[in-house]
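So the protein sequences, as listed, match chains A and B.
Per the working numbering, the first sequence starts with residue 639, numbered consecutively.
Per the working numbering, the second sequence starts with residue 888, numbered consecutively.
Treat the hints as calculated values from the structure; they're not laboratory data.
Check each hint, because a few of them may be wrong.
[Said to hold, decoys possible] Straight-line distance between alpha carbons at most 25 Å, and here's what the computed SDA-like set of lysine to any residue pairs gives: (1) Lys850/A to Asn895/B; (2) Lys754/A to Thr940/B; (3) Lys927/B to Lys754/A.
[To be verified] So the derived list for chain A, only partly shown, Cβ under 10 Å to chain B, looks like this: (4) Leu689; (5) Ile709; (6) Thr753; (7) Leu788; (8) Gln845.
Built from N, CA and C at the ideal position, the CB exists for glycine as well.
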Amino acid sequence: MGTMALNPDLKNVTLPDAVVASAQTDFTANDDVQTMLALKAGNLEAFDVLLAKYRKPIVSFMYRMVHNQAIAEELAQEVFLRVFRSRETYRAEARFSTWLYRIATNLGVNHARDTKNERSAPTIHLDEPDYETGTMPDVADGTPSVEADLLHEERMKAIRQHVMELPERQRNAVLMHKYQGMDYKQIGEVLKLSESATKSLLFRAYQTLRVKLKDFV
Amino acid sequence: MNCHEFQNELEDLVLNPAQAPSPVAQAHLSNCDPCSAELKELRATFAAMDAWTAPEPSPWFDTRVTARVRAEQQSAPANFLERLRARLLYNTGAQFRPMMATAMALVLMVGGAGTYLASVKSTPAPRAAVVEDLQILDRNDQAIQEMDLLDDASQDDEGIPQT
Ligand SMILES: [Zn+2]
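Work out the full structure, taking the sequences as your base and the hints as a guide.
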C-alpha cells in the first residue's frame, strides 16, 4: 500500500521535506506507537497503516456492541476519525491499541445509552430478523442442513442475547477477551480496572454465561 | 488442594483456555466431580461462543473514513477561524488581555499608531502572533476535552475502579 487515498494530493502541500521523505518508510516493521508518532509528525500514510491494521477488529467489535453492520461501521468510522483528530495531542503513554479500544468502548457504550429507550433493553428475540442476512429464520422444512443452520442461528442469538444482558463492564470485558483476543491485563487498562478486578469481572461473566447458555453448549 | 483452592486456579484456567491444569489441580479434578464438571462446562461455554460471528467490513469502509478525514482537514481552518471569532465575540476576553496588549505593542512598534487601523485590515504580523497564541489555547482545550472523553469511562456497575 504505497500511496493510499490520503496521500497523493496532501503530502507535498502540507508536509515539510523531512516528513515527506520519511513517508517512504515501511511501517510494517514499526509498532503502532511509532506509526502514531509518525502521524502526529504529519505523515498521513501512517493513518492508512493504522486503518488497514485495525479496520476489521474495530468494525467487528462495534458490530457485536450494536448488532447492526451499518451502525457498527458508522461508529468505527468515528473511532478512526477521533484517532486522526487526536493525532497532535497523542502521547505514547499507553499501548496504541489500548487507547483505540478505549475510544471504541466509549463510543459503543454511549451509543447503547442513547438508544436504550428506543430499543427498550438489548433483548434479542429468537424470531427477530437476522441483521447479517436481513432475513427471518425459516421454518424448518425437515432437511438436515436447514436444521443445522437453525440450530446455529439459535445458538448464535442466545449467545448474543446473554452476552448483551451482562452488566456493562462485564459485557465489554467479554467482548474484548473472547472476540478481540485481548488478555485481561490490557482489558484492565482499557476499562481502567486493576488486573485482579478485571480477572474476577471476566470470571463472573463466564460463570453467568455458563448457566444461561447451558442448553446451547 | 481443596475445592476452595481450586477455584483460584479455575479463574486462570477459564481465562486462558490454552493453559493446562497444574499437577495438584489435575489431582483434585480427578477426585472431585463438581469441580471437574464446572471446568468442563466453562470451557465448553467459552468454545461455544465462537458461534457468534461478525461480518467483514464492507469494501467501501476505508473510502468513507478517508473521505471524512479529508473533509475534516479541508474544513479545519474555517472551523478554527469560526471558533476564534466566537471567542472574541462571546468571551469577556479577560484571559486574552496580556496577549492583546503584546500584540498592540508590536503593532505600535512595527507600524506606528497611525497605520494601526490599516494594518489590522491587511492582516499584519501581530495578528498572526495572536492567532498562534489562540491556537495554543485551542489545542489545550482540545486536549482537555479528549482527556475528559477518556476519563468518562463507563460508570461503575460492578468491579472496583483502579485509581
Ligand atoms: Zn472440588
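Results for each hint:
no., hint, result
1, Lys850/A to Asn895/B, "22 Å, holds"
2, Lys754/A to Thr940/B, "23 Å, holds"
3, Lys927/B to Lys754/A, "36 Å, violated"
4, Leu689, "6 Å, holds"
5, Ile709, "12 Å, violated"
6, Thr753, "15 Å, violated"
7, Leu788, "13 Å, violated"
8, Gln845, "7 Å, holds"
Of the hints listed earlier, those the structure fails to meet are numbers 3, 5, 6, 7, in rising order.
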